[in-house]
Every structure is written in C-alpha cells, then in structure tokens.
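Enquirer: Starting from the known structure of chain A, fit chain B onto it as the hints suggest.
In case you want the letters, here they are:
There are 2 protein chains.
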Amino acid sequence: MGEEIRYKQVIFSNYVKTSVKESDLSLRTSKIQLKIPCGCDGVVLVKNLYLSIDPFILALMKNQELDLPSFTLDSKLCMPGMTAYVGFFKFCSPKKGETVYVSAASGAVGQLVGQFAKIAGCYVVGSAGNKEKSAFALMKVDLLKNKFRFDEAFNYKEEQDYNAALKRYFPDGIDIYFDNVGGKMLEAVLNSMRLNGRVALCGMISQYNSLEQPEGVHNLINALVKRVRMEGFFTSDHYHLYPKFLEMVVPLIKEEKITYVEDIAEGIESAPGALFGLYSGRNVGKLLVVVARE
Amino acid sequence: MGEEIRYKQVIFSNYVKTSVKESDLSLRTSKIQLKIPCGCDGVVLVKNLYLSIDPFILALMKNQELDLPSFTLDSKLCMPGMTAYVGFFKFCSPKKGETVYVSAASGAVGQLVGQFAKIAGCYVVGSAGNKEKSAFALMKVDLLKNKFRFDEAFNYKEEQDYNAALKRYFPDGIDIYFDNVGGKMLEAVLNSMRLNGRVALCGMISQYNSLEQPEGVHNLINALVKRVRMEGFFTSDHYHLYPKFLEMVVPLIKEEKITYVEDIAEGIESAPGALFGLYSGRNVGKLLVVVARE
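Residue numbers (our numbering), protein chains in the order written: chain A, 1 to 294; chain B, 1001 to 1294.
With the rest of the complex left out, here is chain A (with noise of 0.2 Å):
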C-alpha cells in the first residue's frame, strides 16, 4: 500500500472563447496513492518538479477546428532551443550579411534566434514590448541590445506605425523574418521584405488570445510580387535534426557564446497568473512553473 498525499491540481475547466479567465482554470485540492497498480512491472511513478508555459496553450485551450497535435513528452525537452535552431538554420535558410527581424523576441524562442542570427553573420532586430509602455518593456529592448546582442531592438508597443518602424531599422528590407506573432505585424512586414525573403511561422501570440475574429493580411500579394517563401513548422516534425543541434549548441554554451534567460514562478498555484501574464508580455525569456524543488 503506497502513502496517501494531498496534491494541487490546475483543473482547465472551460473552452476559452477569446481571452483566457481566470475562470478558465481553477485550483483543485485531491488525495492520491502513490502507488503503481498490481502487475505493472518495469512501471516508475514520476513527479513533476517543473511546468513549461507556452504562447502555444491556448490555441489547444481552445474549441476550434485545427489539427493539433497532442503534447508529446518531447515537447519538454528542449522545445525553444530547437524550434529556435530549425526554425532558422532549416526555415529561414539564413546567408551572410543578410538582414533578420524577430518578433517576441525577447522570449524563449526569439532570444536565440537572434543570437544564432548573429552567429550566422546576420544583421538582427527584435522587437519586444507588453501591454503598457513600462520600465519593464524598456528591460526587454535592454536585454535584446545588450545581453543578447541583438543589432538593435524597439517596443513594438510604443510604434503608432509598424511600417514605419521597420523601415527605419531595415532601410534596405528584410530578408528574413522570424514570425513568433503573426496579424498586423506580420502584414507590416511583408511590406518591407526583400525580393526572395523567407518567414518562418512560427507563432502567432498576436492571435491567440485577445480575438474574437483573427486579424486579416491584406498584402499578400507582396508575397506574390517579392517571391516569398512563407512557411510553418513544428519543431517536434524535425527531432531527427536533434544531434545536430546539440553539436552546434553544447560548445556555444560552453564557451558563453550564447546566453540564456529563464523567468520561473513558484508553486503550482502559480501557473494560471503565469500564463495570463504570457498573454501580455509579462514574462522574459522561457517561462516555467516550479511545482517542487526536489
């Protein structure tokens, strides 16, 4: 007979229709037996010590019509770090001296992005911001410049016109964006991209949440004109690429030529604010829940 203990559970207790609510998700007290049923061997009991929150939750909070897949247990190991790497190295086909933007990119994915952009010999922008113009989104456009290294950064909250915003970091266009937030943005850069351009598809936080009907692109025909190649991806498609990755990776970080920021929360009860906090731009880098420590 195994010990009897008392556990927290975050229960997801309604479809979320446009923003996620508090009352989307609730905090649950239960009672559980830490054993493994008769006849289970070669079974192990695991315990969680960390969660991961990502932008991507809510469109599987949500009850439409998309082919989604399943969390698989893969998409806890690693995930930002690949989709960083296959996203740009395999989508963005990246060349010397060309010119990159990167959206949300001061969070998980986007911070390496940037940082393998500039490894690649690329000139980089990113953008960051959250919902008030605020010290905070200043730290972000900070972290992007001076930590990470990015050529330079601006609050996308602060820019009355994405168009002209891009313009004046990218006089000459974009070859590549780095799309972690989709709508309005991605229709301001397509305005900008350059002849044979490339836009990874990577998220699209600007449409998740907030929404009741997603924001149209009204020039794709720049797509057309500019021959560009716009396309998504799952990084969990792409796991036999996993060595490569780590081979291009683990020195890096050995020798501190990339860098990385985590911003974790304590206690499971922790996880509903943390991922409304996602929704408007309150995390920096890759977000996790701590549930237990040991």
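Bear in mind the hints are in silico, worked out from the structure with no lab data behind them. Even for Gly, the Cβ is constructed at its ideal location relative to N, Cα and C. Hints are not guaranteed to be accurate.
Rough simulated footprint, nothing fancy, chain B against chain A, three-plus residues with beta-carbon under 8 Å [stated by the list, open to error]: (1) 190–203; (2) 213–225; (3) 231–243.
Expert: Just chain B, lined up with the frame of chain A:
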C-alpha cells in the same frame, strides 16, 4: 525615305484606382515613317502580330508601391506554359496520389497546371466561372472536365460557401493549391489544406480589380499549424529551366497528351475590351489580340 503609314495605338491614359474603366484607355490614330534612323546598322523593324493580354497587366497600371519588374522580351515567349511548369513542378513538389486544386483553371496557366497534375498522377479539381451564372461558365467547367481531363470542376460563382465546396471535392483535404486568385478563395483553401501542403502563389486576379482594399486572409494560423509552405514566384526568374520545360512539353504536345485553348480577339481596337473581359472572366484559355495577320 521610308513609307509613311497610319497606325492605331491603345493609349494608357490614367492610373487605375480600383477597376479598370474605359476612360483609362483610349484609341488614337497616328502616323509613323517606317524608316530605320541613319547610322543604325544591324537594326530591324519589328511588326507585332499578336498582343498577349494577361491578368497581371492591371497591377502594372496601378500607381502603387510594388517592386514590379517591367515586361521583358522573354515574357512573350511561352510564358503561360513555363509558368505552369515552374509553378507546379518546382514550387508545388507534386507526388503521385496527391490532391491538387487549381483556381482560374480555364485560364492560360490553369488549364496546363491541371494537365501536368494528371500526368504526375495526382487527383485534380479546377474552378472557373465568370461574373454571371451563365451558359458560358457551364462551358468552362465542361471544358475542364472533358477537354483537359480534370477529375472534377466547378463554377465558383455558384458556390455560396467556398469551404463547403472544397470539402465536397476534397473530403480528405488538399495537398497542393495552385493559386491564381488570392483573397477569399485562398482563405477557404487554407482551411482545407493537409499537413505539409504547398501553395504556389502565381496570381491574385481577385485582388487586382474591383477592390478599394484587398481582402484580408484571416486564417494564416492554418499555415503554421498544418506546416504549409506558401511561396510566390515569377516565371522570369526561372528561365534556366526552359530547356527542361521544352524537353518535357514538346513530346507531350506531339503525342496530343496535352492540349490547349486560345481565345483570340481581332484587331487592336479590341484590346481594351479584351482586358475588361479578362477581369470579369469572359475569356477561356490564353487571351490574345491579333494586331495583324501577316
């Protein structure tokens, strides 16, 4: 001293705002001396026998900031055939057994894409139509099925709901979309795309005319979730493939394995009308104007 002749010109009088209007073009009769200027050895006088009327002309008639190339001499040499070849084989990467949808399928490019798709062992459905439900639209649909051997064809003007129409013809989804129209049809197709689908952005005829503001595509998240590759292309970038194109197409024409329909208007006076007709779907196949018979 060369012979002085009277000749007719179609003059491009005004930049087009939304739809092309009769007042945007005018007919003029002028005089010219058929004489090569002195000192110009090796120069020849050229007499045009045919004009090519293409959907893309309207984009060149609008005073908008798009990086559009000027027409080149090459773009009167087999352009629709090369466009179908390059767009389908290079940008759609077809595999035997895949499902292919072609919009504006009775046009100069579409009719060939459908036939190439059948040769590649694909299931192919085309849509055509014109502004009014008419016997003419019926004739186009009939042509697609019975002359060009598409598996299915439909008049998009008779469909209230493009999503429902595509579900009917592609119950298991679309692998390849050869897009000649853009706008709302592209949006509907994205809902029906299969995993790892490909969209060749060849034309956006629905967006060139009649619209103050281009239609928005609101569901690009499908391109992300379904890992779809969307890519714009210009045939003129791929003329190095011309020998390969001929190698494939010439035997197919000789063996009557591919066929072709042209829509020929008589006399340069008919050029403006032919252009107006193109945007209301009044042509079938490659639209030409005969300027002179010899």
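Enquirer: Now tell me, hint by hint, if it's right for this structure.
Expert: Each hint, compared with the structure:
no.: 1; hint: 190–203; result: holds (count 4)
no.: 2; hint: 213–225; result: holds (count 13)
no.: 3; hint: 231–243; result: holds (count 5)
Hint compliance for this structure: every hint is met.
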